[in-house]
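J.: What follows is the residue order along each chain.
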Amino acid sequence: MINTMKQRVIELVDTMPNGAELSWTDDLKENQYGWVTLKNVADLPLFAEKILPEGRLVTISACNAKAEDAKAFHEVCYHFVMKGLSVTVTVLPTGVEPTVPSITQWHKSADWTEREMAESYGITVTDHPNPRPLFLHETVQSEAIERLVPLSTMTNSASTNALWEKIMGEKGEEN
Amino acid sequence: MSNTYTIPVGPLHVALEEPMYFQVDVKGEVVQSIEMFAGHSHRGMESLALERNFFQNIVLTERVCSLCSNNHPLTYCMALENIAQIQVPERGQYLRVIADEVKRIASHMFNVGIGLHVIGFNTLFMHAMEVRETMQDLKESIWGNRMDISANTIGGAKYDLDDELEAYLRKTLEELKKPVEEFKHMYATHPQVKARTKDVGILPPEAAIEYGLGGPVARGSGIDNDVRKETPYAAYDKLKFNVVLGEGCDVRSRALVRLGEIFESISLIEQCLDQMPKGPICCDPLPDIPAGQAVARSEAPRGELIYYMRTNGTMYPERLKWRVPTYVNWEGLRVMLDKAKVADIALIVNSIDPCLSCTER
Numbered sequence: 001m002i003n004t005m006k007q008r009v010i011e012l013v014d015t016m017p018n019g020a021e022l023s024w025t026d027d028l029k030e031n032q033y034g035w036v037t038l039k040n041v042a043d044l045p046l047f048a049e050k051i052l053p054e055g056r057l058v059t060i061s062a063c064n065a066k067a068e069d070a071k072a073f074h075e076v077c078y079h080f081v082m083k084g085l086s087v088t089v090t091v092l093p094t095g096v097e098p099t100v101p102s103i104t105q106w107h108k109s110a111d112w113t114e115r116e117m118a119e120s121y122g123i124t125v126t127d128h129p130n131p132r133p134l135f136l137h138e139t140v141q142s143e144a145i146e147r148l149v150p151l152s153t154m155t156n157s158a159s160t161n162a163l164w165e166k167i168m169g170e171k172g173e174e175n
Numbered sequence: 001m002s003n004t005y006t007i008p009v010g011p012l013h014v015a016l017e018e019p020m021y022f023q024v025d026v027k028g029e030v031v032q033s034i035e036m037f038a039g040h041s042h043r044g045m046e047s048l049a050l051e052r053n054f055f056q057n058i059v060l061t062e063r064v065c066s067l068c069s070n071n072h073p074l075t076y077c078m079a080l081e082n083i084a085q086i087q088v089p090e091r092g093q094y095l096r097v098i099a100d101e102v103k104r105i106a107s108h109m110f111n112v113g114i115g116l117h118v119i120g121f122n123t124l125f126m127h128a129m130e131v132r133e134t135m136q137d138l139k140e141s142i143w144g145n146r147m148d149i150s151a152n153t154i155g156g157a158k159y160d161l162d163d164e165l166e167a168y169l170r171k172t173l174e175e176l177k178k179p180v181e182e183f184k185h186m187y188a189t190h191p192q193v194k195a196r197t198k199d200v201g202i203l204p205p206e207a208a209i210e211y212g213l214g215g216p217v218a219r220g221s222g223i224d225n226d227v228r229k230e231t232p233y234a235a236y237d238k239l240k241f242n243v244v245l246g247e248g249c250d251v252r253s254r255a256l257v258r259l260g261e262i263f264e265s266i267s268l269i270e271q272c273l274d275q276m277p278k279g280p281i282c283c284d285p286l287p288d289i290p291a292g293q294a295v296a297r298s299e300a301p302r303g304e305l306i307y308y309m310r311t312n313g314t315m316y317p318e319r320l321k322w323r324v325p326t327y328v329n330w331e332g333l334r335v336m337l338d339k340a341k342v343a344d345i346a347l348i349v350n351s352i353d354p355c356l357s358c359t360e361r
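Sequence lines, in order, name chains B and W.
One point on numbering: in our numbering, the residue at position 10 of the first sequence is 10, and numbering is uninterrupted.
One point on numbering: in our numbering, the residue at position 207 of the second sequence is 207, and numbering is uninterrupted.
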């Protein structure tokens, strides 16, 4: 079964219009892991559609871009499972605002994770059927994890007054 | 003075077991559609994980959730072991299975018990909790804690079983069989339970596949998706067990799958005790963790748990992402609650064994 699934991935990668790279790893239990890098994010919907019916989306991870020449701040990893075969597809968002196309129309399990990625990392997901924020209230702007002050930073700076001076300064009040 | 009052109920209310907010549109007493609002217990744990080193993250991931707390550090360690190609000693692999299955039994009894509480059958609910208490005592005796048992570490297990603890574990499992058998018989045959759970919260197998649902929720609709069989880890490739499937696609089917899995778990632990060799429990010394990336999957009590990790050669992860089974199972409620009666909402929601703590991290 796993070999059949691997062959499906190889054939799928070959059909990507803008090209893709594929590599394989395994663990000490001989479970197989496929790693696909799409050259162009525009091919993502095609890949998501063609990986059906065996492939299902498990989750999506936004990560720091690995390639040194990458213009985007983040790259996005789509984790699929095909009957026990894990396949991770990596794309670089494009556009002035980092943008990826939604794959929720083919994989309903992408619904929540695309919305979470959009609000946490500020990556725009186009054509999402239900694009409201997942966790945070709509009045909270995107990129909250990267913009807001973590509690640990706030408590660490309590002894130096640095943070409170900054906060009070921004509010226009004197210390 | 107005005679009308508005009383806010949820997301934080004593009557709600977890802070999830539902907007339910009803016509008469029949549900037409639902919308879900989350975010009330979001803790930013994925971000916290980047501030902690590999060993500190074992502690952090165990605190993602209490009911399936063992699976989080286990899967986290598996991802790290994949990156560094760390070989877990054979005894450590069996010890990991034992911890996992003990937690599964306790978690399943809790969920089925709560389902009975929801339908007002409190006698059987108390019976479920009494049976579960046996496993809580077992956890406290072996690992020193009733929920977070700290059984895993990078490269193996953090605990060992001597002859005395092994005998105690065998005796406890033997004593558990009859009460669980009686409980399962009662659940399967009692007319009140049957009337409230049969043909309630229907999830067709096609919908389970379409929504990518996992665990006993999907298996209750006949979907064979057990990660322990699909992608073996720890010592599961050396053990014999059946994937328990249901055909009813309803609340009752999902509960019976969980009860059936308890017997498989007991058998798995007994096989571990019979087959487990003597020897080291953990890889020592550990190699340096190189730069790399890995995916690891395990079967938590609620279903498939996946961890994705990326390392950069330091002692801190560059990225750690995990997806818990409840995260995808929420959306399945749109199907299960469609045209359901208002009185069944709580029961149907409970049948996915929801975990907010896991979902929001």
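Derived from the structure by calculation, the hints contain no laboratory data.
Please note that a few of the clues may not be correct.
To be verified - Pairwise CB distance ranges, derived in the manner of DEER restraints: (1) W:S47 / B:P17: 30 to 38 Å; (2) B:N64 / W:F55: 16 to 24 Å; (3) B:E49 / W:S66: 38 to 46 Å; (4) W:V30 / B:E49: 51 to 59 Å; (5) B:D127 / W:S47: 43 to 51 Å; (6) W:E166 / B:E49: 23 to 31 Å; (7) W:E130 / B:E21: 33 to 41 Å; (8) W:D338 / B:T4: 42 to 50 Å.
Unchecked claim - Listed next, the stretches of chain B that the computed footprint assigns to chain W, with coverage defined by at least 3 CB atoms under 8 Å from CB atoms of chain W: (9) 46-52; (10) 55-63; (11) 97-104; (12) 111-119.
Cβ atoms here follow ideal geometry from the backbone N, Cα and C, with glycine treated the same way.
J.: Determine for every hint whether it applies to the structure shown.
T.: Right, here's what the structure says about each hint:
1. The given range of 30 to 38 Å is respected by S47 (chain W) and P17 (chain B), whose C-beta atoms sit roughly 36 Å from each other.
2. Take N64 (chain B) and F55 (chain W): their Cβ atoms lie about 23 Å apart, and the range 16 to 24 Å holds.
3. Remark: the range hint 38 to 46 Å for E49 (chain B) to S66 (chain W) is upheld by a beta-carbon distance near 39 Å.
4. At about 35 Å, the CB distance of V30 (chain W) to E49 (chain B) disagrees with the hint of 51 to 59 Å.
5. Taken as a hint, the range 43 to 51 Å is violated for the pair D127 (chain B) and S47 (chain W), whose Cβ atoms sit roughly 28 Å apart.
6. At about 52 Å, the beta-carbon gap between E166 (chain W) and E49 (chain B) misses the expected band of 23 to 31 Å.
7. Range check, E130 (chain W) to E21 (chain B): about 57 Å between beta-carbon atoms, so the 33 to 41 Å window is missed.
8. Look at D338 (chain W) against T4 (chain B): about 35 Å separates their beta carbons, and that is not inside 42 to 50 Å.
9. A count of 0 residues in the segment 46-52 of chain B with a Cβ less than 8 Å from any Cβ of chain W is obtained; the coverage claim is therefore unmet, three being the minimum.
10. Only residues whose C-beta sits within less than 8 Å of a C-beta in chain W count toward coverage, and the segment 55-63 of chain B has 6 of them, enough to reach three; the restraint holds.
11. Under the rule that three or more residues need a Cβ within less than 8 Å of chain W, the assignment of the segment 97-104 of chain B is violated, with 0 such residues.
12. As drawn, the segment 111-119 of chain B meets chain W at 3 residues by the rule of a beta-carbon pair under 8 Å; at three or more, the given contact holds.
Comparing the model with each earlier hint shows violations of hints 4, 5, 6, 7, 8, 9, 11; every other hint is respected.
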